[in-house]
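Residue numbers (our numbering), protein chains in the order written: chain U, 31 to 198; chain E, 217 to 919.
Treat the hints as calculated values from the structure; they're not laboratory data.
Errors might be hidden in some of the hints.
With a cut-off of at most 25 Å between alpha-carbon atoms, the simulated PhoX-like pairs for lysine-lysine come out as follows [as the list claims (entries may be wrong)]:
| id | chain 1 | residue 1 | chain 2 | residue 2 |
| --- | --- | --- | --- | --- |
| 1 | E | Lys-318 | E | Lys-390 |
| 2 | E | Lys-827 | U | Lys-164 |
| 3 | U | Lys-164 | E | Lys-318 |
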Amino acid sequence: MQKRSNFLLYAFIAVPIGLMIVPTMVVLAVALVPTGVAFLLERKKGFYGGLTVGAMNLAGAAPFLADLWFDGHTIQAALDIITNVFAWMAFYGAAMFGWAIYSTTPGVIGTFMAMTAGRRIAAMRDQQKDLVQKWGPDVESVYEPERKAGEVDTGPPDSLTGGMARAM
Amino acid sequence: MAEAATDLRPAPESAPPSADPAASTPPPPTPETVVVPSSPSGTYIMVRDRFTIFCDRPLPSLDMPNALAYEVADRKQEGRPLYALVCRPDMPARISVMRVLKGLEIPAVLHMVDWGVAEWPLLERKCVIVIYHRPLGGKVMDSHYGGAKRIADHVFARTVVKPIAEGLIEMGLKGITHRAIRPDNLYYIDEQKTKIVLGDCVTSVPAHDQPVLLEPIESGMAQPSGRGGGNYADDMYAFGASVLMIALGRNPLAGMADAEIIRRKIQIGSYAALVGDERVPMALIECLRGMLTDDVEQRWQPTNIDLWLNGKRLTPIQAKSEPQSQRPLRFADMEFHSIRPLSYAMYQNWDKALSIINDGSLEVWIRRGLELNDLADAIASAIKGTGAALGKADADDIIIARVLMLLDPKAPIRHRDFRLFTEGFGSSLSTAMLRKQKLQPYTDFITRELWRYWIVAQVKYNVDNQQYEGVFRELKNYLKDQNSGAGIERCVYELNEWQPCMSPLIADQYVMEVKGVLPALDAVAKTANTKVWPVDRHIGAFLRARYAKGTGSQIDAMNDQRPDRATIGMLSVLAIVQWRLGPEALYGLAQWIGGLMGPVVNSYQNRTKRKEIEKELPKLIRKGNLAEIFNYLDNPQERQMDAEGFTWAKAEYAAAEKLVYDLEHGQVDRQESAMLTGRQAGAAGAGFIMFLTYLIILLGKVF
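Chain U on its own, in the form it takes in the complex (with noise of 0.2 Å):
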């Protein structure tokens, strides 16, 4: 009842705004159609691919809804703008290039993460290095972590470490 209750009061503010808006829904209806396909299509890894997707397609739409604000807020001017291919082409590159971003943001954070640790963990060994000639090798420990009941340890990748581990 109470989810019923909110949409009719939803309902209620973004029908009659969206009736004075017409010619602006008019065109978003047409620019934003990529960002619907990509809620939908990555709905269920969180709505990171419909926002940047969104976000560009906006981006994309952002001169043409311009004119239209300024120039004359007309269904005409609208369908002059949806039927202009040169806007279909801003709207669906925009969204192109947010689906770009949003394919390869991950890609890159994932290798600058890995860079980072590779070179921490190299400072670590270097620094047990010093340890050892400095107090000898009675100063060694290996870490042994408190395992979960039915855990395996399947030990960590050499791409990570490259090796690091076993040179040590």
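Dock chain E against the given chain U, drawing on the hints supplied.
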């Protein structure tokens, strides 16, 4: 003169002019077994810058069984007749007696001018040297087999008996027993051979060189080294037997085996056994009977001699005869009617003795034949108690030993070939160690508590036995302890006050006092194997026995299982001795010690500190101060800093290890994190681009 060694100076290459032309003739071969290297001709040693002892002028006629005699010249009193006895290194000398006798002029006792420990070139080691006034008339009897100058009967008592008795009275007043009274150790002090003196009594353990003939029955049963200091009655017995031999001019029992002499003495009494069918001067019979009485309480004392010489007739009370059994006990093809002869026969036939013990015939014979129920009960109890406490193999010998103790409590403790008195245990152990004999009988004696059985078996209460009980309990504890500072080595030093340290490292230095240990080690540092510790079991035991308060905890530290703590403990033992007793610098020993400090240096975890120590240590070694080396190596602040630093380093290493582990093992999480972060960053970036786009376009439209 224990400190005389420091007074010695190197011998010059040529000998001083000889006063004795006979010295140029080659010395006759010595009868002793001391291995003497070829004599470096013309050598002598100086003692106290006063006495010159000529190494190449032996005096075989004055040799003792365990000491060789050499000529001595006195620089302060030219022409004073002296001679030196150089003690065999493998025979403990009676140092405590030397300390009393030195310088004392006791009538009828050879005057001991001085004594000390000095380097003896012929043996290339230090030896005890005793300087005596030289008897000019030679020995009263060449050997205890015979060869005495006949002394007229009418002067015999005044010439022989009186002076010796006076000498024994004087020695008694000093609390000393002679225990070496025998015809070949009595000398004419003058060339005219009118005055007799008692010879040396300090160059061997008490009564060691006494023939069985001259010893009381009980002492004669004991092995020579285990007879103990004895008492004045023992001296009187030896004196009486010696008087008899001198009076006869020969040994009345010459050629008779020791066991047979003892058997005869037991069987018919000492006087009868020694005199036999010999013709003894009538005037001496009473005196000899008094001195050769087997009952110690009835035996004449020197004061009785004095009375006798003054004409008072004293008839010795006959000793109580032993209980006799009507029914004989047959053992070893002999029949016995009394206990003591049986006891001796059982000892002589050790392996057969068990049969009459086990079959009960001994007990029955004592109970029914002799009617000594208490003794029979004690034997039964001993058999039962020993059998229950020990295994079969061990029990048999102990049972025989205990039964013999009960049968003849006055006899020494007899355990197969081992036979000694508790009093003589220390000197016997010392002799065995010096002669590198088997020590198993001695450890068995302590651990199997033969001493306790013997004390319990004594019929007569003796306060000394209570003291021995305490001593042997302590010895048993030492034997249980396998560490340095304990063991059989500790026993020998505890029992013998003046026992020199027998460590192979410094045995040649004849070290009797703690303060002599370090200089001795320093002296041998150049030639010793410096891979081994300078504190071996003997030195540890010697220091513990002589200087327990000063070195006890340090020796405990030396026994630590950890090599570094043990090594620093060993250093601390030597350092504290040097600090308290000197000398100030020990360059050789410091060098030796420095080479052994590896484990201590390595006990520092900090490698930088180790390098620093390795650099600094040689400087300290050159100073020769062990205390400084110890303080530097075992500085508490440095130790604490090292320990704390190491703990911190371990923690740091572990933290780094954990971080590395986390970094290496967190990849899956990190990929997920990177995915999420990348998407968030992409969305934020796209949002920012959108914002900028709208801002720029809207601003462009407005303006």
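Status of each hint after checking the structure:
| no. | hint | in the structure |
| --- | --- | --- |
| 1 | Lys-318/E <-> Lys-390/E | 12 Å, holds |
| 2 | Lys-827/E <-> Lys-164/U | 11 Å, holds |
| 3 | Lys-164/U <-> Lys-318/E | 64 Å, violated |
The structure fails hint 3 only (numbered hints given earlier).
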